[in-house]
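Peer 1: For the protein sequence lines, the chains are A and B, in the order given.
For what it's worth, the numbering used here labels the leading residue of the first sequence as 1, then goes sequentially.
For what it's worth, the numbering used here labels the leading residue of the second sequence as 1, then goes sequentially.
Because the hints were derived from the structure by calculation, they are not lab data.
Any given hint could turn out to be false.
What the hints assert, rightly or not - When the alpha-carbon atoms are kept at most 27 Å apart in a straight line, the in silico DSSO-like pairs for lysine-lysine are as follows:
1. A:Lys-63 with B:Lys-69
2. B:Lys-69 with B:Lys-46
3. B:Lys-33 with B:Lys-61
4. A:Lys-150 with B:Lys-73
5. A:Lys-94 with B:Lys-73
Keep in mind that this is a model prediction, so the values were computed, not measured.
Residues per chain are reported as follows:
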Amino acid sequence: MKTRILFTLLVSAALTLAACGKKEEPKTVTAPAPATVPAPAPAPAGIAVSSVTAGKAIGADKKVTAATDAFAKGDTMYVSVDTTGSGTAKLDAKWIYRKGDKVAVVKEDSMTINATGPATNEFHVSKPDGWPAGDYEVEVMLDGKPAGSKKLTVK
Amino acid sequence: MSEEMPDFSNVNGGSSSTATKIYVVVSGDSLSKIAKREYGEANEWKRIYEANQDILKDPDKIYPGQKLKIPPK
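Just chain B, same shape as in the assembly (with noise of 0.2 Å):
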């Protein structure tokens, strides 16, 4: 009889670094839900939006495929 393997499908992971990251936005994404994953605040969109201004006009306005820089938390 074979042995069933455990389910990991509810397995929560993270990342973070000293460095900046980049973070590639994907459909659906706002500064907020990025602010939220990165930082675990949503409210923290401010330190993304401050960090892009040099592509970002609008913080409401992001487009798939934007590389932000995501500064270390």
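So that you can see chain A by itself, here it is in the shape it has in the complex (with noise of 0.2 Å):
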């Protein structure tokens, strides 16, 4: 009888140590079957910036007549920037020299739009005494977002 006894101990623990042993699977997680995608949402009303072009002279239209990157001591830079959409948008135009490392804003406009369809908005600088000579650049930004840049240069 005790024979009986420690045997079906014996076997009780070996299948208990058994079972402490044995690696648990890991759950393989059955994906949903994909429900019908919904179309995405039509993109919000508002204005984009569709072009940035810089130039020395602008048409009544505000678009850039005499494009160009490259420009003299005297001319008045011009940058033309073309909207489409509808609504209202701030525009800035920081405009900057670069000398070696060093970079200095030369100037910086805004402009806060009201458009209801394509529009056409321009910003210029001019300097009395001329430009110093070298690297310049304009950036644009649409409601504090970049939305374009041109480098020019000052011969």
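Relying on the hints, combine the two individually framed chains into one complex.
Peer 2: Written out as structure tokens, the structure reads:
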């Protein structure tokens, strides 16, 4: 009788140890069947910049008439910014001068527009005593986010 | 020796648009001053007044913070 009880206990212990040593298999998560993907929501109406052009002159339509990135000392520098869409947005232009690793802000301007469709906007800068020769850049921002830039030179 | 950066303090700038601009009035502004700045002609103030008759009852009374529509030139 004692032997039988001892045998039963040993078998139980062996089975318990075997169960403890068994690795738990990672559960496989079955992805649910894909539901019908909803169509993306239409982009909210708003203004976007479609092009940025630099030049020495603009027309009555605010578009640059003589596109260039090279200017002379006495030129007025223009940047024309075409926008699409409708609504209200803030446009900023930051004119920068670079000399080696140094940077100077030449001028910053901004305007808020209320467009009902495609529009052309312009910023310009001039310097009565002439521009120092060197490398310039104009950065255009739309509602505080970069929307385009142009590198310019004065010779 | 470090190189001096040029002086850009006398740079003139401006902007215009084919869309209506929104201008926020600041202390010391008048419609004539705004017209001079936006159109280059002070006597163009009537254009601004006419475009803002929904909020302006008297062209001599504009207030800081008012948002005026500036029609395209």
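Peer 1: All the hints need checking, so say for each whether the structure fits it.
Peer 2: Hints and how they fare:
1. Between A:Lys-63 and B:Lys-69, the direct Cα distance comes to roughly 22 Å. Compliance with the 27 Å bound is thereby established for this hinted pair.
2. For the proposed pair B:Lys-69 and B:Lys-46, the alpha carbon gap of about 12 Å is at most 27 Å, so the pair holds.
3. For the hint linking B:Lys-33 to B:Lys-61, the alpha-carbon distance of about 13 Å falls within 27 Å, and the restraint holds.
4. For the suggested pair A:Lys-150 and B:Lys-73, the alpha carbons sit about 26 Å apart, so the restraint of at most 27 Å is met.
5. For the hint pairing A:Lys-94 with B:Lys-73, the CA-to-CA distance comes to about 23 Å; that is within 27 Å, so the pair holds.
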